[in-house]
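Using numbering that gives the first Met the number 0, read the sequence shown as starting at 0 and increasing by one per residue.
These are computed hints drawn from the structure, not numbers from a lab. Cβ coordinates follow ideal geometry from the N, Cα and C atoms, glycine included. Treat each hint with caution, since some may be false.
To be verified - Computed beta-carbon distance windows for the label pairs: (1) Thr147 x Arg205: 43 to 51 angstroms; (2) Thr147 x Ile114: 31 to 39 angstroms; (3) Phe111 x Thr147: 27 to 35 angstroms; (4) Leu222 x Asp201: 17 to 25 angstroms; (5) Leu59 x Val301: 46 to 54 angstroms; (6) Ala219 x Ala103: 36 to 44 angstroms; (7) Ala305 x Ala254: 48 to 56 angstroms.
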Amino acid sequence: MSVVDHNAIDVHPRISEADVGDYIALLKPRVMSLVIFTALVGFVIAPGHVHPVIAFTSILCIAVGAGASGAMNMALEGDIDALMTRTANRPIPRGRITSAEAMAFGLTLAFFSVITLGVLVNWLAGGLLAFTIFFYVVIYTMWLKRSTAQNIVIGGAAGALPPVVAWAAATGSLSMEPVLLFLIIFFWTPPHFWALALFRSDDYARAGIPMMPVVAGPDATRLQILLYTVVLVAIAAAPWPLGYFDAVYGITSLALGAGMMWLAIEVYRHREGKRAGRATRRLFAFSILYLFALFATLLLEVVIRAIAPLVG
Numbered sequence: 000m001s002v003v004d005h006n007a008i009d010v011h012p013r014i015s016e017a018d019v020g021d022y023i024a025l026l027k028p029r030v031m032s033l034v035i036f037t038a039l040v041g042f043v044i045a046p047g048h049v050h051p052v053i054a055f056t057s058i059l060c061i062a063v064g065a066g067a068s069g070a071m072n073m074a075l076e077g078d079i080d081a082l083m084t085r086t087a088n089r090p091i092p093r094g095r096i097t098s099a100e101a102m103a104f105g106l107t108l109a110f111f112s113v114i115t116l117g118v119l120v121n122w123l124a125g126g127l128l129a130f131t132i133f134f135y136v137v138i139y140t141m142w143l144k145r146s147t148a149q150n151i152v153i154g155g156a157a158g159a160l161p162p163v164v165a166w167a168a169a170t171g172s173l174s175m176e177p178v179l180l181f182l183i184i185f186f187w188t189p190p191h192f193w194a195l196a197l198f199r200s201d202d203y204a205r206a207g208i209p210m211m212p213v214v215a216g217p218d219a220t221r222l223q224i225l226l227y228t229v230v231l232v233a234i235a236a237a238p239w240p241l242g243y244f245d246a247v248y249g250i251t252s253l254a255l256g257a258g259m260m261w262l263a264i265e266v267y268r269h270r271e272g273k274r275a276g277r278a279t280r281r282l283f284a285f286s287i288l289y290l291f292a293l294f295a296t297l298l299l300e301v302v303i304r305a306i307a308p309l310v311g
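Let's have the full structure, built from the sequences with the hints guiding it.
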């Protein structure tokens with residue numbers, strides 16, 4: 000008769016320590032809030048009238064899809080998150096959730112968000128949402144982030160797509176307006192994240208992530224920030240003279256663009272010491288305000304257009 004070594008058998012399977020807060024953290028709430036806001040703008044400025052239930056369903060699906068991307072991103076990056084100060088407190092490095100649990104959670108959310116958007120709204124929007132999730136998880140997380148200093152540049156396309164998905168949900172088609180919103184976010188992403196990377200370069204180097212400051216050095220990164228900011232300001236202002244957005248947006252874009260340019264120049268000028276650190280942090284913080292204010296102005300334009308006939 001064989002003897003069973005009960006000490007060698009785990010008769011008590013691991014019970015997850017995760018609570019609701021841990022699963023919410025997997026969704027990357029701060030990133031999700033930006034996705035919801037930019038998608039909402041894309042939806043509101045789209046022509047025509049959409050039933051409120053369809054509008055709510057569309058924004059909810061886009062938000063859940065973004066959360067699914069965040070969860071799968073964390074599932075795949077648990078090893079490097081543990082090495083970085085900024086991310087070491089996430090649920091997977093802390094041992095609250097396993098990578099397999101996070102991946103299953105993300106895949107489930109991704110499936111239901113895409114199917115719901117496709118069935119209840121339209122399949123153009125559903126297909127674009129599926130592509131956005133695929134691009135962020137497979138192209139950016141699994142390939143670009145660990146292999147090239149252009150990871151943020153190319154990978155930024157995923158973060159720029161939510162207003163395009165929302166426009167497709169509202170209209171069932173695409174147009175130049177959502178493309179312009181896409182380009183604004185796309186060219187905003189490198190200055191925003193490279194500013195962060197400049198004062199977190201030790202983190203990225205320790206984790207072996209080839210961010211621009213780690214691979215090309217801080218001076219080359221400062222130049223790239225300045226060049227991308229020039230392009231960003233030009234593209235953000237272009238919809239006004241092209242006739243897509245009105246003067247309220249155009250003037251706001253120029254004012255905000257002047258702030259971005261000034262801070263980018265400051266980052267380029269100050270390369271050592273505390274002034275350099277302050278400059279990069281100020282650019283990073285202002286870039287968030289810049290994008291929020293720019294898109295909020297588009298919502299303001301919609302309100303102005305709606306009340307103008309009543310006032311007139």
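Verification of the supplied hints:
1. A hinted range of 43 to 51 angstroms for the beta carbons of Thr147 and Arg205 is inconsistent with their spacing of about 19 angstroms.
2. Separated by about 33 angstroms at the C-beta atoms, Thr147 and Ile114 satisfy the suggested range of 31 to 39 angstroms.
3. The hint said 27 to 35 angstroms for the Cβ distance between Phe111 and Thr147, and at roughly 32 angstroms that hint holds.
4. Between Leu222 and Asp201 the beta carbon distance is about 21 angstroms. The supplied range of 17 to 25 angstroms therefore holds.
5. Against the hinted window of 46 to 54 angstroms, the Cβ-Cβ separation of Leu59 and Val301 comes to about 21 angstroms, which falls outside the hint.
6. Taking the beta carbon of each, Ala219 and Ala103 are about 40 angstroms apart, inside 36 to 44 angstroms as hinted.
7. Evaluation of the 48 to 56 angstroms hint for Ala305 and Ala254 yields a failure: the beta carbon distance comes to about 24 angstroms.
Checked against the numbered hints given earlier, this structure breaks hints 1, 5, 7; the rest are met.
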